[in-house]
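Engineer: Next come the chains, spelled out residue by residue.
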Amino acid sequence: MNKKGLVIRLTALAVVIAIAATMMVIGRGHTIYFDNKTVENYQGNEYKAFERVVVTVKDEEVAKLGKRERGMATWIGQNFKMILEITEKKGDEPRIEEIELTLPYNMDGIIINLPAYLAGLPEEAWLSEFIPAPEPEEDEEDPTIGDGLGLEGDLTGDLGGDLGGEDLGA
Amino acid sequence: MSKSEQLQQTRFGQLVNTYGLPRLIITGFLIFLFIMAPITGSDLATQITNVINRFSWNAVLVLAMVPMIHSGCGLNFGIPLGVLSGLLGGTLAIEMGFTGPMSFVMAIVVSTPFAILFGGGYGALLNRIKGGEMMVATYVGFSSVSFMCIMWLMIPYKNPSIVMAYTGVGLRSMFALDSFYANVLSKLFEIDLNPWGINLVIPTGSLLFFALLAFLMWAFLHTKTGTAMTAVGSNPTFAKASGINVDRIRLLSVILSTWLGAIGIIVYQQGFGFVQLYTAPQNMTMPAVAAVLIGGASVNKASISNVIIGTLLFQGLVTMTPTVITALIHTDVSEVIRIIVSNGMVVYALTRKTEGLK
Amino acid sequence: MSSNKNTPLGQRNLESMHNYATPLGRRILELVRNYAVPIMFIIICAVCIPLSGFSTSYLLNEIITRMGRNIFLILSLLIPIMSGMGLNFGMTLGAMAGQIALIFVTDWQIWGIPGVVLAMILSVPLSALLGLMCGKLMNMAKGREMILGYMMNYFVGGLYQLVVLYFMASIIPIKHASIRLPRGFGIRTTVNLTNMRQCLDNELAIFYNGVKIPVLNFIIIAVLCLFIVWFRRTKLGQDMRAVGQDMDVAQAAGINVDRTRIISIIISTVFAGFGQIIYLQNIGNFPTYTAHSQIGMFCIAALLVGGASVEKASIGNVFLGVILFHTMFIVAPKAGVAITGDAMIGEYFRVFVSYGVITMALIMYEIKKRRARSQGGELLALAQKEGGAAS
Numbered sequence: 001m002n003k004k005g006l007v008i009r010l011t012a013l014a015v016v017i018a019i020a021a022t023m024m025v026i027g028r029g030h031t032i033y034f035d036n037k038t039v040e041n042y043q044g045n046e047y048k049a050f051e052r053v054v055v056t057v058k059d060e061e062v063a064k065l066g067k068r069e070r071g072m073a074t075w076i077g078q079n080f081k082m083i084l085e086i087t088e089k090k091g092d093e094p095r096i097e098e099i100e101l102t103l104p105y106n107m108d109g110i111i112i113n114l115p116a117y118l119a120g121l122p123e124e125a126w127l128s129e130f131i132p133a134p135e136p137e138e139d140e141e142d143p144t145i146g147d148g149l150g151l152e153g154d155l156t157g158d159l160g161g162d163l164g165g166e167d168l169g170a
Numbered sequence: 171m172s173k174s175e176q177l178q179q180t181r182f183g184q185l186v187n188t189y190g191l192p193r194l195i196i197t198g199f200l201i202f203l204f205i206m207a208p209i210t211g212s213d214l215a216t217q218i219t220n221v222i223n224r225f226s227w228n229a230v231l232v233l234a235m236v237p238m239i240h241s242g243c244g245l246n247f248g249i250p251l252g253v254l255s256g257l258l259g260g261t262l263a264i265e266m267g268f269t270g271p272m273s274f275v276m277a278i279v280v281s282t283p284f285a286i287l288f289g290g291g292y293g294a295l296l297n298r299i300k301g302g303e304m305m306v307a308t309y310v311g312f313s314s315v316s317f318m319c320i321m322w323l324m325i326p327y328k329n330p331s332i333v334m335a336y337t338g339v340g341l342r343s344m345f346a347l348d349s350f351y352a353n354v355l356s357k358l359f360e361i362d363l364n365p366w367g368i369n370l371v372i373p374t375g376s377l378l379f380f381a382l383l384a385f386l387m388w389a390f391l392h393t394k395t396g397t398a399m400t401a402v403g404s405n406p407t408f409a410k411a412s413g414i415n416v417d418r419i420r421l422l423s424v425i426l427s428t429w430l431g432a433i434g435i436i437v438y439q440q441g442f443g444f445v446q447l448y449t450a451p452q453n454m455t456m457p458a459v460a461a462v463l464i465g466g467a468s469v470n471k472a473s474i475s476n477v478i479i480g481t482l483l484f485q486g487l488v489t490m491t492p493t494v495i496t497a498l499i500h501t502d503v504s505e506v507i508r509i510i511v512s513n514g515m516v517v518y519a520l521t522r523k524t525e526g527l528k
Numbered sequence: 529m530s531s532n533k534n535t536p537l538g539q540r541n542l543e544s545m546h547n548y549a550t551p552l553g554r555r556i557l558e559l560v561r562n563y564a565v566p567i568m569f570i571i572i573c574a575v576c577i578p579l580s581g582f583s584t585s586y587l588l589n590e591i592i593t594r595m596g597r598n599i600f601l602i603l604s605l606l607i608p609i610m611s612g613m614g615l616n617f618g619m620t621l622g623a624m625a626g627q628i629a630l631i632f633v634t635d636w637q638i639w640g641i642p643g644v645v646l647a648m649i650l651s652v653p654l655s656a657l658l659g660l661m662c663g664k665l666m667n668m669a670k671g672r673e674m675i676l677g678y679m680m681n682y683f684v685g686g687l688y689q690l691v692v693l694y695f696m697a698s699i700i701p702i703k704h705a706s707i708r709l710p711r712g713f714g715i716r717t718t719v720n721l722t723n724m725r726q727c728l729d730n731e732l733a734i735f736y737n738g739v740k741i742p743v744l745n746f747i748i749i750a751v752l753c754l755f756i757v758w759f760r761r762t763k764l765g766q767d768m769r770a771v772g773q774d775m776d777v778a779q780a781a782g783i784n785v786d787r788t789r790i791i792s793i794i795i796s797t798v799f800a801g802f803g804q805i806i807y808l809q810n811i812g813n814f815p816t817y818t819a820h821s822q823i824g825m826f827c828i829a830a831l832l833v834g835g836a837s838v839e840k841a842s843i844g845n846v847f848l849g850v851i852l853f854h855t856m857f858i859v860a861p862k863a864g865v866a867i868t869g870d871a872m873i874g875e876y877f878r879v880f881v882s883y884g885v886i887t888m889a890l891i892m893y894e895i896k897k898r899r900a901r902s903q904g905g906e907l908l909a910l911a912q913k914e915g916g917a918a919s
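Protein chains in written order, with the numbering used here: chain A, 1 to 170; chain B, 171 to 528; chain C, 529 to 919.
If you're looking for bench data, these hints aren't it; they were derived computationally from the structure. Check before you lean on any hint, since a few could be wrong.
Okay, derived cross-link-like pairs now, DMTMM-like style, lysine to aspartate or glutamate, Cα gap no bigger than 20 Å in a straight line [said to hold, decoys possible]:
{"#": "1", "chain 1": "B", "residue 1": "Lys300", "chain 2": "B", "residue 2": "Asp417"}
{"#": "2", "chain 1": "C", "residue 1": "Lys896", "chain 2": "B", "residue 2": "Asp417"}
{"#": "3", "chain 1": "B", "residue 1": "Lys328", "chain 2": "C", "residue 2": "Asp870"}
{"#": "4", "chain 1": "C", "residue 1": "Lys840", "chain 2": "C", "residue 2": "Glu590"}
{"#": "5", "chain 1": "A", "residue 1": "Lys58", "chain 2": "C", "residue 2": "Glu731"}
{"#": "6", "chain 1": "B", "residue 1": "Lys300", "chain 2": "C", "residue 2": "Asp635"}
{"#": "7", "chain 1": "C", "residue 1": "Lys703", "chain 2": "A", "residue 2": "Glu129"}
{"#": "8", "chain 1": "B", "residue 1": "Lys300", "chain 2": "C", "residue 2": "Glu731"}
{"#": "9", "chain 1": "A", "residue 1": "Lys81", "chain 2": "A", "residue 2": "Asp59"}
{"#": "10", "chain 1": "A", "residue 1": "Lys81", "chain 2": "A", "residue 2": "Glu61"}
{"#": "11", "chain 1": "C", "residue 1": "Lys703", "chain 2": "A", "residue 2": "Asp108"}
{"#": "12", "chain 1": "C", "residue 1": "Lys703", "chain 2": "C", "residue 2": "Asp635"}
{"#": "13", "chain 1": "A", "residue 1": "Lys48", "chain 2": "A", "residue 2": "Asp108"}
{"#": "14", "chain 1": "A", "residue 1": "Lys37", "chain 2": "A", "residue 2": "Asp92"}
{"#": "15", "chain 1": "C", "residue 1": "Lys740", "chain 2": "C", "residue 2": "Glu590"}
{"#": "16", "chain 1": "A", "residue 1": "Lys90", "chain 2": "A", "residue 2": "Glu129"}
{"#": "17", "chain 1": "B", "residue 1": "Lys410", "chain 2": "C", "residue 2": "Glu906"}
{"#": "18", "chain 1": "A", "residue 1": "Lys58", "chain 2": "A", "residue 2": "Glu88"}
{"#": "19", "chain 1": "A", "residue 1": "Lys90", "chain 2": "A", "residue 2": "Asp59"}
{"#": "20", "chain 1": "A", "residue 1": "Lys89", "chain 2": "A", "residue 2": "Glu69"}
{"#": "21", "chain 1": "A", "residue 1": "Lys37", "chain 2": "A", "residue 2": "Glu51"}
{"#": "22", "chain 1": "A", "residue 1": "Lys58", "chain 2": "A", "residue 2": "Glu124"}
{"#": "23", "chain 1": "A", "residue 1": "Lys58", "chain 2": "A", "residue 2": "Glu97"}
{"#": "24", "chain 1": "A", "residue 1": "Lys67", "chain 2": "A", "residue 2": "Glu46"}
Chain A with its partners taken away, still in its complex shape (with noise of 0.2 Å):
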């Protein structure tokens, strides 16, 4: 191979590699919950939760909250954008606000505080990881699965199993 083909194919390669990085990158999907519930004591202080959220996330109106509500989106990328729309007590008119923010890369699952967050309280105050349920323990599944051509029912000698072989149809 001569030189001038090595570059092009090296340079094709970093590309290609550079488009999956992007793509790692752009496409990391999170599930962001939003709480309207009221920070207690953060440094002595307390935050109280609104009468009423509306967020709206790409143009998509995703929860109506009122205290002590959780609401849920999913974003793809980490540049997150939403437009709340915040009843502070009752009887006020509503005010809408842009909100536009850097999601952590690593966390599958998180929860903003929005009293906290709106108050302008750093991140640690109104930022968390969300940890689904460990999930109830289920039965084993039995996951070996011939190549369609194997011995199934006879090596197990277990006639309660999967006596109808291969579903062909599919």
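Use these hints to put chains B and C onto chain A, whose structure you have.
Structural biologist: Frame of chain A, contents of chains B and C only:
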């Protein structure tokens, strides 16, 4: 090139050449399993019983590979045709009301015309497509199995012990043979060492039945027609030149293969104790093909000893790995090992250079 | 070894001679014989569609969706056919590579179209490697490529199970417990692609009278079609066709036959990997251990239904095949109920038809190959005789 020549000069290289590397690995692995069996706490006698048992179920099906390989038709991926004739024979014998050992005999008798019919058609087809048998055979197997899936539902079987429980129309996907031919061979002259505290049971009848068929096959291969068959397989041009009707011999070999397949599945069922219908016949192909290849056969060469060694090795592998390997690493990888070994074996055999193939 | 050694010596001349000399009636007969399978399928569909009772818009919607998700996979079969290696049953290898890529992308939580693109990029090294292996083995088994590719499915299927079921999350890191088996390693029997479900289909989709047209899918397919058309004209594409015609002649003309064949299989495998990713993003989840197993069979059956043969297939065959085969697939179970009163019979029937079509195509191919070979032989003998008489 020079490297491989060096290898050939070593004794190990010679062994590899005569015995085949994959077979060597599998034999070694099996010996390892046998050594490990007592260490992992499983009873060696029980293991041996299992291996012999499974050998007795499967050996005839593996034997069915021999005639077609001999006549140069390649590996019989179309064995489901034979299996289907066996299934037809078995179910029809039961439908006619035969029970016990008689149903076994009748199953074979009834399946014979089907085997001749199917084998004849299949053989005639293969004669028109010399050189491309294996791929076509595979798909002939598939389409006939799926066609029979429809038939199992449509043929008006009546016997309540084999038709579907609720509707009464169509055969069940699986039924027990307890009152029919389950264990008719294996219980014959059975040697049971359990009274002496050893869990070793030898299904003498099944082994004898296989020995009989294997002997007949060996004898047949030494008759005039048999040698003609070998000639057709190893050098069709020469065979044709010496006045052998190649097509007729090939047809005969296919019919023989199909018929042995039919008997093979009936023997298998008597050992297993159940009949499996619908898509199950497809599952009989790979174990048989892989076994004969592991035994040292190639795409156009196979002997009775290949069948015996191959079935023992393959069934040994299939029976021993679940217990021994699971005990060793606490994970059941036996299924995956089986898939890789059996299919890898076929891939290996297909990539070997074969002489005498047109 | 067997196939191409002495095949087309006189075959091409013979064929062109045929074309000159046939009267119109025979030509029509020839046409019917060449398109027997599509014609048969049109008849089956014509009978089954009214019996199934599906509405036109439902049927159209289904067929267009299936076209969008299947055509890419089927197109991946074309290049090996061009280079004379027959139906690439080994395309499943690419599908497995695609699935492994999808498992990683799911674990890394890359969603939407970026996820699909990343999965495609990730699948390339794997499918190229598998394709290389497959191609090398096929070169060792010339004349038996198809059965070898077919067996490779199962062999590599075993390796795939070994990797996904035992190595993943034990040796290969998998972060999320939600896709691991409860026992701690191995991947669950179903991988959920909720976050990339139909992301290609929905982008730029057009709804027309209740029929959804996945425009982006079709654009991707069009790009691949253009690529194939362009590729045929390149030096490499020409080489492949030469190899497909006659390996010995190609070798004599200075083409590296083995290398050309390997490249053709690699291209096919890589495209099959892309195709499987497109296919699965449409479905939205996949059974980890079986999603690939039937894909080769269905793609090959669809291609053959479109009038392709083992040695000749065009893009038109792919489109026609997808439409006919999938129409049959959609309507057969319901039509089966209408005819026989048993749903299972329709199910089995469509499986039987798919296998039957492949069987028929293989048989016709082998018969044709054999006839051409003996005709070639006769021609050669004739030529020798004449030569002998003249001198």
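Engineer: Could you run down the list of hints and mark each one as holding or not?
Structural biologist: Hints, one by one, checked against the model:
For the given pair, Lys300(B) sits about 10 Å from Asp417(B) by alpha-carbon distance, which is consistent with the 20 Å threshold. Restraint check for Lys896(C) and Asp417(B): the C-alpha separation of about 18 Å stays at or below 20 Å, so the hint holds. Between Lys328(B) and Asp870(C) the alpha-carbon distance is near 18 Å, which keeps this suggested pair within the 20 Å criterion. Taking the CA atoms of Lys840(C) and Glu590(C), the gap is near 28 Å; set against the 20 Å cutoff, the hint is violated.
Among the hinted pairs, Lys58(A) with Glu731(C) is consistent with the structure: their alpha-carbon atoms are about 15 Å apart, no more than 20 Å. For the hint pairing Lys300(B) with Asp635(C), the CA-to-CA distance comes to about 50 Å; that exceeds 20 Å, so the pair is violated. The straight-line distance between the Cα atoms of Lys703(C) and Glu129(A) is roughly 16 Å, inside the 20 Å bound, and the hint therefore holds. Taking the CA atoms of Lys300(B) and Glu731(C), the gap is about 51 Å. The hint is violated against a cut of 20 Å.
For the given pair, Lys81(A) sits about 10 Å from Asp59(A) by alpha-carbon distance, which is consistent with the 20 Å threshold. With a C-alpha separation of about 13 Å, the suggested pairing of Lys81(A) with Glu61(A) holds against the 20 Å cut-off. Under the criterion of a C-alpha separation no larger than 20 Å, the hint pairing Lys703(C) with Asp108(A) is consistent with the structure, at around 11 Å. Among the hinted pairs, Lys703(C) with Asp635(C) is consistent with the structure: their alpha-carbon atoms are about 6 Å apart, no more than 20 Å.
Proximity of Lys48(A) to Asp108(A) is assessed by CA-CA distance (about 27 Å); at most 20 Å being required, the pair is judged violated. For the hint linking Lys37(A) to Asp92(A), the alpha-carbon distance of about 18 Å falls within 20 Å, and the restraint holds. Between the alpha carbons of Lys740(C) and Glu590(C) the distance comes to roughly 9 Å, so the proposed pair stays at or under 20 Å and holds. Of the supplied pair hints, the one linking Lys90(A) and Glu129(A) is violated, its CA atoms being roughly 31 Å apart against a limit of 20 Å.
As the CA atoms of Lys410(B) and Glu906(C) are separated by approximately 17 Å, the hinted pair is consistent with the 20 Å bound. Straight-line distance between C-alpha atoms of Lys58(A) and Glu88(A) comes to about 23 Å, which puts the hinted pair past the 20 Å bound. A C-alpha spacing of about 26 Å is found between Lys90(A) and Asp59(A), which places the hinted pair above 20 Å, so the restraint is violated. Proposed proximity of Lys89(A) and Glu69(A) is supported: the alpha carbons are some 16 Å apart, at most 20 Å.
For the suggested pair Lys37(A) and Glu51(A), the alpha carbons sit about 10 Å apart, so the restraint of at most 20 Å is met. With a C-alpha separation of about 26 Å, the suggested pair Lys58(A) and Glu124(A) falls outside the 20 Å cut-off, and the hint is violated. Note on Lys58(A) and Glu97(A): the hinted pairing holds, with a Cα-Cα distance of about 14 Å set against a maximum of 20 Å. The straight-line distance between the Cα atoms of Lys67(A) and Glu46(A) is roughly 15 Å, inside the 20 Å bound, and the hint therefore holds.
Going down the numbered hints, you'll see the structure goes against 4, 6, 8, 13, 16, 18, 19, 22, while the others check out.
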